[in-house]
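Novice: Listed here are the chains, written in short residue letters.
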Amino acid sequence: MGEAEIVELLQKNIPDGLFSVGTPRTRKVLAEIAPGAIRKATETLLGKGARFIIIAAVDEGLDVNLLYHFDLEGKIVVLKVKLGKENPEIGTIADLTPAAEWAEREAAELCRVRFKNHPKPGHLVVSDKLPEGTFPLSKPFKPKLPDKIVPVAEAIITVGATAPISSLVERRRAEAGLPPRPPASYSSEPQLKEVHELIQQTNFSKRAGYDWERKKLRGVKK
Amino acid sequence: MKKYALFLGCMIPQRLPSAELATRKIFNSLELEIAEMAGYTCCPDPILARLMDRKVALSMSARNLSIAEKQGLDIVVLCNGCFETLWEANKEMKHEETSKEINELLAKIGRKYNGTINVRHIVEVLHGDVGIEAIKKQVKKPLGLKLAVHYGCHLFREENGGDIWRKPKQFEELISATGAEVVHSDIDQLCCGFPTSQVDEEFSLKHNLLPKLERYQQMGVDGVVVVCPACNVQFESGQLALRRYGAKFSIPCLHLVELLALAFGVPAKELSLEFHRSPVSQLAARIG
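Chains F and E are the protein sequences, given in the same order.
Quick note: the first sequence uses my numbering, first residue 20, plus one each step.
Quick note: the second sequence uses my numbering, first residue 14, plus one each step.
No lab work stands behind these hints: they were computed from the structure.
These numbers come from a predicted model, not from an experiment.
Treat each hint with caution, since some may be false.
What the hints assert, rightly or not - Keeping only pairs whose Cα atoms sit at most 30 Å apart, straight-line, the calculated BS3-like set for lysine-lysine is:
| no. | chain 1 | residue 1 | chain 2 | residue 2 |
| --- | --- | --- | --- | --- |
| 1 | E | Lys68 | F | Lys225 |
| 2 | F | Lys212 | E | Lys113 |
| 3 | F | Lys167 | E | Lys68 |
| 4 | E | Lys107 | E | Lys68 |
| 5 | F | Lys167 | F | Lys94 |
| 6 | F | Lys101 | F | Lys67 |
| 7 | F | Lys99 | F | Lys59 |
| 8 | F | Lys225 | E | Lys125 |
| 9 | F | Lys167 | E | Lys261 |
| 10 | E | Lys104 | F | Lys212 |
| 11 | E | Lys15 | E | Lys219 |
| 12 | F | Lys225 | F | Lys240 |
| 13 | E | Lys125 | F | Lys234 |
| 14 | E | Lys121 | F | Lys163 |
| 15 | F | Lys225 | F | Lys47 |
| 16 | F | Lys101 | F | Lys158 |
Please model the entire structure based on the sequences and the hints provided.
Specialist: Set out below in structure tokens:
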């Protein structure tokens, strides 16, 4: 089975959870998939005779990347799964390929990843003397921006201003005979939407790790 | 009647609405018209926000410029920091490659900036477009005050080869036009410490603000005049914060537009000077 056929195989079998797939070099296929697609992708590869090799867990600060390596007829197939560190959990594949059992335990112990339904979770590679809750390869979960820039960046992305106007100031402005709010973007839903679109177009919010649902930079301590 | 797009920025509406009120009052007296900039954003802030990402900072500035350009108006700015950001962005947008790069982003939100307007500091507008004589004509209550001047770092931004003292001198002449005496210290150009306070508050208070306040006290000034809300916040909140280190000061700090409004005879109560955290209301009461 050639690289192009492996690409086609993945495209056909995981149409929803496949974010991208390509061949970065000969004899290698790299696919980025959703966490929920890992079991289906594993079954697909194993069904074609693939051999599980290893899981490399790489902590990037805000996310952990799990790189599932398989060998399929001499080609390395890597399934890359990004887990947000807010909830670094994924289903086990150890029941599909027993060789993954230790690899998952290693990733769990070193990088704080939880493998749901793992058949035999527990201590594997780190010293027994290590205090509980210590994950040697886990980086701090904090924003990518320098600390001093975080509040400003978060406010600018959220409301288009360095500080949103408070209800107290709104009241005091009205008492002073001014409109409660200035004509700034945060005073108008359509204008603020436009500002958000612009920021998204620059890709800054993604690079800074901004969570549009929570309206917060990821990794900011509450 | 000359008309300008008024850029209020973030700090004036939030921390210093009295300067917003004063601007509207003096523009009315000087027969200058204000157009609101509906949907404007942070300039963005020249100290921290511009460091976070060049593209997002420049595109936000260009969007602000496009709002004024759509109205065919120059922008007037009440803040040194906003002035620097918008003025520099305007310059950058004159470069073909930058303009193309940023306008591609603006096009996605249905905007475009052609680079046809100017960014004007309030000092330039009052001194250059209105003129000192016209200002003096509006002075109903000559201010017999002794005032220190704090220029603010970004007021010195000028075209390459231009006179960096152009706007600071204009600023002084505008204070003098009110009948007040401008007094100088040897550290008038020292930063107030607002930018450094973002990183190290104690350093900014002790090494920037404190020496300035000590000089002002020695000179016996009635107050200090600024043209930047960030400097104003630093002078006012800073005086309160310095009490933690045993230094007590009570020096009024106000924006040039507020000083002019008082000289033009606008009653202090119409300016809501109680937004200040230094004794500006008391200073205004002395003017009567």
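Novice: Tell me the hint numbers this structure goes against, listed in increasing order.
Specialist: Checked against the structure, the hints that fail are numbers 5 and 11, while the rest are satisfied.
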